[in-house]
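Keeping their order, the protein sequence lines are chains A and B. 1 is the number of the first residue of the first sequence in UniProt numbering; add one for each residue after it. 1 is the number of the first residue of the second sequence in UniProt numbering; add one for each residue after it.
Note that these hints are calculated values from the structure, not bench results. Incorrect hints may have been included.
When chains are identical, the list treats them as one kind, so a pair holds in a single copy or across two.
[Stated by the list, open to error] Okay, derived cross-link-like pairs now, BS3-like style, lysine-lysine, Cα gap no bigger than 25 Å in a straight line:
hint, residue 1, residue 2
1, K198, K100
2, K220, K389
3, K389, K436
4, K220, K203
5, K386, K366
6, K198, K220
7, K436, K366
8, K3, K100
There are 2 protein chains.
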Amino acid sequence: MSKPTPISGFPEWTPAQRMIEQFVLDRIRATFELYGFAPLETRSVEPLEQLLRKGETSKEVYVLRRLQADTDGPAGDDALGLHFDLTVPFARYVLENAGKLQFPFRRYQIQKVWRGERPQEGRYREFLQADIDIVDRDTLPAHYEAEMPLVIGDALRSLPIPPVRIQVNNRKICEGFYRGVGLTDPEAALRAVDKLDKIGPAKVAELLAETAGASEAQAKACLALAEISAPDASFADAVRALGVSDPLLDEGIAELTAVVETAAAHAPGLCVADLRIARGLDYYTGTVYETQMIGYERFGSVCSGGRYDNLASSGNARFPGVGISIGVTRLLGLLFGAGALSVSRDVPTCVLVAVSAEEERPASNKVAEALRSRGIPTEVSPSAAKFGKQIRHAERRGIPYVWFPGAEGDEVKDIRSGEQVAAAAGEWTPPRADLKPLVGPATAGA
Amino acid sequence: MSKPTPISGFPEWTPAQRMIEQFVLDRIRATFELYGFAPLETRSVEPLEQLLRKGETSKEVYVLRRLQADTDGPAGDDALGLHFDLTVPFARYVLENAGKLQFPFRRYQIQKVWRGERPQEGRYREFLQADIDIVDRDTLPAHYEAEMPLVIGDALRSLPIPPVRIQVNNRKICEGFYRGVGLTDPEAALRAVDKLDKIGPAKVAELLAETAGASEAQAKACLALAEISAPDASFADAVRALGVSDPLLDEGIAELTAVVETAAAHAPGLCVADLRIARGLDYYTGTVYETQMIGYERFGSVCSGGRYDNLASSGNARFPGVGISIGVTRLLGLLFGAGALSVSRDVPTCVLVAVSAEEERPASNKVAEALRSRGIPTEVSPSAAKFGKQIRHAERRGIPYVWFPGAEGDEVKDIRSGEQVAAAAGEWTPPRADLKPLVGPATAGA
Chain A
1 MSKPTPISGF PEWTPAQRMI EQFVLDRIRA TFELYGFAPL ETRSVEPLEQ LLRKGETSKE
61 VYVLRRLQAD TDGPAGDDAL GLHFDLTVPF ARYVLENAGK LQFPFRRYQI QKVWRGERPQ
121 EGRYREFLQA DIDIVDRDTL PAHYEAEMPL VIGDALRSLP IPPVRIQVNN RKICEGFYRG
181 VGLTDPEAAL RAVDKLDKIG PAKVAELLAE TAGASEAQAK ACLALAEISA PDASFADAVR
241 ALGVSDPLLD EGIAELTAVV ETAAAHAPGL CVADLRIARG LDYYTGTVYE TQMIGYERFG
301 SVCSGGRYDN LASSGNARFP GVGISIGVTR LLGLLFGAGA LSVSRDVPTC VLVAVSAEEE
361 RPASNKVAEA LRSRGIPTEV SPSAAKFGKQ IRHAERRGIP YVWFPGAEGD EVKDIRSGEQ
421 VAAAAGEWTP PRADLKPLVG PATAGA
Chain B
1 MSKPTPISGF PEWTPAQRMI EQFVLDRIRA TFELYGFAPL ETRSVEPLEQ LLRKGETSKE
61 VYVLRRLQAD TDGPAGDDAL GLHFDLTVPF ARYVLENAGK LQFPFRRYQI QKVWRGERPQ
121 EGRYREFLQA DIDIVDRDTL PAHYEAEMPL VIGDALRSLP IPPVRIQVNN RKICEGFYRG
181 VGLTDPEAAL RAVDKLDKIG PAKVAELLAE TAGASEAQAK ACLALAEISA PDASFADAVR
241 ALGVSDPLLD EGIAELTAVV ETAAAHAPGL CVADLRIARG LDYYTGTVYE TQMIGYERFG
301 SVCSGGRYDN LASSGNARFP GVGISIGVTR LLGLLFGAGA LSVSRDVPTC VLVAVSAEEE
361 RPASNKVAEA LRSRGIPTEV SPSAAKFGKQ IRHAERRGIP YVWFPGAEGD EVKDIRSGEQ
421 VAAAAGEWTP PRADLKPLVG PATAGA
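Generate coordinates for the entire structure from the input sequences, incorporating the hints supplied.
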């Protein structure tokens, strides 16, 4: 085999980075469960027709083909693609299992997704998402739109990462406002405003004229709306000051006010009403969310979502939902790239049991067994080399303790301090901070 | 959308089953870490040329294709396939990162794999594997072959599943013995004997004659070897009684004796030397493992692996390894199918906070926040319906407690006993057994 090379867009973390990722996933999952979300995994593949319902993303889909497809295989094998998010599979799952589920159904889902995009900085072709969604049958109370940021705020606050700011908007505000100023194609207007960060206000005004038929005054009003941002319900006054009136606009203002006020009661400073947030995906119908990590704003949102009323429906059955998705790979990719996270060692091991001679290995195994039975991660030395070499084996991995079995009693050495004390495998316990690798923000100079 | 249907071979567990699976994965992972294995995830895709190095499995590979592949995409996109196990990607990872890794390198890896096989009972096209491997540079001490069953024994014993029996053999015994009786193509003989369970001894004898050129006496000797099985080192006497002598055979007997004796010292009854175990994959060169779950023997191995000396090598660099893989989906599929596992409720939620009126929701949110801050999984009621309806909401999900905020103090009701007591959200704690869903073997009649 010639030396293999990385494949662009398919990241692979080091074992140390994977330890950090697992720590992060455990914390996220614990928060999701504290809020009563049940776990779910869906298969990685969906029928292509499901994946292509949203035209915009079709070019990103990876299609599967069996290498030696034969005629006796089940039909339709060629019509499977890898999912590109967890919302579309979840909507499908709800429809397929509606008869067995209890509604409202709260679930979390932490899985890989795949997008065959052209690779670029910060874009991955395979990445991990951590989603929560709540779906209900027929109608979904608006208070769930206010709950989402609380969950995400708690989940991200439990991590050793910079603080985040969740930017919230409501599609009803945009659509109601656009209609209120007399635009007849609010979706086109939304798509134009969605490009504000990328192309700036002048170009958005041009686009509004071209694609949504906006007059100069209408475009100006749309841009004025998009400029509104407030950490509290005062955004509503700013909207009303623009003098536009529409029933859908009023509904959106009331809903967004509830989201911002609920968030302020729970976690002051977490949420900000930001009326430029549009989200590209067509299926959102109410609140939409994006999330900036402070200090990493230029890299875009690390956690996004919104309310969707029409994603899961079949005949008369309709399952409106709201969801939000943490881009775990994206988040970690940014922080790993900045060297902003650290772990105290490269292996889970707390103790390396030395081997004095190969025929004494069973005695070292017994020590390891006793330590493990009390929850202490332990390895036995690979060889009966000189003790200096065995200690270096531990040192290179950051294993803090080396254990020496002895005919007249065992000893354990803290190889950082050099301190060596008598110890019994059935009793000795390391300091709590040494038991497992510690994950945290990288310390200066690390 | 028309009602979607399952896709054969791509299983999806219910949320309750997924809770059981997560419990199982947490336990497996904890054991792997107790033994000092570091976590690793590799990308889901490998270059096709990597996946096809073992000819036998090529028909199982799923190839990826971007739906709208364009000429400006990176070359080679069409030459990617989904991995069909975790050993081949791991070997590739070791070669790619050899300069950055510390050897011997112990890693575990818990990931989905995909095989485009024709679906049949107990066979999946997408399934979860939990692997451990140890690789070293140049040479790998044989004691690691004895360590594998200890880890697996501990991991599986930590689960609420039937006991297992790990069947162990050593390729050197088979190859040495076949050479010792005068067969010149030991691999052909191995492949024939590997079919013993499927086609029986008479057909294997025919196959040995046809494919390995065995005489009647040679075939009889091969079958006699395959019949040897012992829970201890006495298998060696049985082999020697067959009167065949070969240096490789002696080496294999010594190694297998060490594996069986180490296992017996650690976990009596866990391992059995079973000389019919061959494993289909060509890359094994030493100890091989299969695992039967007692009562489910007819479904085949739930945990397999072996030593491979030549999987990861490049130029002069050579990384022999030994590994074993728990077929998590296979294991759980069998137990779910038999109704042999249960979880005490369908959601993580321990407490449902009732809402007396929609305008009182913030008060209920405050209670939930206080309970969650002390680690108690809590949901707030979806609506301010009559309390009877809110209680039924909890009942249907198995949520044990409903909390009633009140102007003159809160109360909490155990809806199983009906007992309702005064409580404060900052102090009340549920019994430990109620805090999280309990996973265990299904009780009779459940």
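If any of the earlier hints don't hold here, list their numbers in rising order.
Hint check: 1, 2 fail, others pass.
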